[in-house]
Amino acid sequence: MLAAQRARALMLHGAVKPVLFGMLLLPFFWLLYATLTNQLGANPAEALIRASGDWTLRALCLVLALTPLRVLTATPALGRLRRMSGLFVYFYAVLHLLSYSGFDMGFELADIAKDIAKRPFILVGFSAFVLLTLLAATSFNRAIRWLGGKRWQGLHRLVYVVSGLAMLHFFWMRAAKHNYAEVLVYAAILASLLGWRVIRFVKQRRSR
Amino acid sequence: MRINTSRDGFLHPLASGITPQTVYEERRDLIKLMAGGVAGAAMASWASRVALAQGATTRPGKLAALAGAKSGVSGAVTMEKLTEYKDVTSYNNFYEFGTDKADPAQNAHTLVTSPWTVEVEGLVKKPARYTLEDLLKLSAQEERIYRLRCVEGWSMVIPWVGYSLRELIRKVEPLGNAKYVEFVSQADPKTMPFVGSRVLDWPYVEGLRLDEAMHPLTLLSFGMYGEVLPKQNGAPVRLVVPWKYGFKSGKSLVKIRFTEKQPATAWNKAAANEYGFYSNVNPEVDHPRWSQATERRIGEDGLFAKKRKTLMFNGYEAQVGQLYAGMDLKKLI
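Residue numbers (our numbering), protein chains in the order written: chain A, 1 to 208; chain B, 1 to 333.
One or more of the hints may lead you astray.
Unchecked claim - Below, a list of computed lysine-lysine pairs in the DSSO-like style, where the Cα atoms sit at most 30 angstroms apart:
1) B/LYS306 x A/LYS150
2) B/LYS269 x A/LYS118
3) A/LYS118 x B/LYS62
4) B/LYS171 x B/LYS137
5) B/LYS190 x A/LYS114
6) A/LYS177 x B/LYS70
7) B/LYS307 x A/LYS177
8) B/LYS137 x A/LYS114
9) A/LYS114 x B/LYS306
10) B/LYS309 x A/LYS114
11) A/LYS118 x B/LYS309
12) B/LYS261 x A/LYS118
13) A/LYS118 x B/LYS306
14) A/LYS177 x B/LYS86
15) B/LYS255 x A/LYS118
16) B/LYS62 x A/LYS17
17) B/LYS330 x A/LYS118
18) B/LYS86 x A/LYS114
19) B/LYS179 x A/LYS114
20) A/LYS177 x B/LYS137
21) A/LYS177 x B/LYS171
22) B/LYS306 x B/LYS62
23) A/LYS150 x B/LYS171
The hints are simulated quantities; they were obtained by calculation from the structure and are not laboratory data.
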């Protein structure tokens, strides 16, 4: 019991946020370093597109894990980390979109537009990005005040839609090689995080 | 009077007419030295072209040597810059060893390539079981520098060593009703860890129409970069069909079968709408999930360089275009 209290107290420490910030930047700096020192293998462009996508998905898992962790461990301090983690999802999503647009499409807007219209898995990924942009754009305090808490919360539930779209995007990409092992891992993580919310919602309604 | 031409081969009635090997090798050294820039930049570019044309690819020094003479087949030696050996041997699609392109280089060491036999069977007059040694000396080894275009949208330039598959086909004498050739790759779950995974049906089967298989550019390959094939590249014997997407070129072949019916090929069985039987490189026919109009040349184009345009039949249209005369290449993919 004492240990749990200590852990809770530790999460309130002022250094938690900066430390998490630094940790979430590590993949970015590693990719930058690996690019500059030519450590990304024979096809660095492909490696960057994939790695930025992977990290978007990982950050998404983290942000969705915060609330279940906060409730299950009764550590309210975890709630403070949501906005920053969510913005890191957007940060890696931006890197992902930029790598695709730049390395794959040579920043040709017409080609990108054609590609989005033509390939369902790109369309799905791009839709997820548009929704994430909406969430990132309304992530600051004034936006919450301006929208009102209820409406803001409703809007930010779109992150559940984003996780569905992101999984579909990833699944479709891997479907080519019938290579579902990693897809299943992420699907299981996201499904349990979302499933926990559904169960909590149902329980809360019953107890009312 | 007897007139000797190049068709008579390498005739030397007098032993004294043969250049001693030491002198011959000195000449090579001289050319290589010049390629190194000693004779000045202008001469160096000429010399490096000569060195390349002689099949004097620098050996990486990793595996046993397998030299090939410069090929005289039309289109068989592109002058493009070779892809680095390191990239060609670390970025592979060889699903028997894993689906990630880094997997084969890590896992293929378990493949046992000796002893190795290739069964040639089906609709032929002389079916036979060839040992690798038989195959190696069945015809003169040539060096062929081909472009390789993967269906995934990347490409390489690789100096293969081997000979036209048709040399073997002629030996076994296909029967009149033989219309297709099927190529079966090794599928040993004990030495190939991903055989049995549900990605594809095993063994890996590929196929060509008989006239495609008889085309001089269709190469039965035993080596690359002047050495025997590394395991991750399909040792000890593989096919290389340069005008088709890479997956049409079966690796680590154990069976070559002549059939009347079009073979059921691995990727076609896995996703018929995405991978047709012909799978000729065609910038105008997109893969259902991505464009085939451009490609990334591995190791050459910088990270921010634009991708290069993909050429019809991977640039071998002059040589192979007539094989498909009258065929609707937009439909028969």
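If you check each hint against the structure, which ones fail?
Those not satisfied are hints 1, 3, 5, 6, 8, 12, 15, 16, 18, 19, 20, 21, 22, 23.
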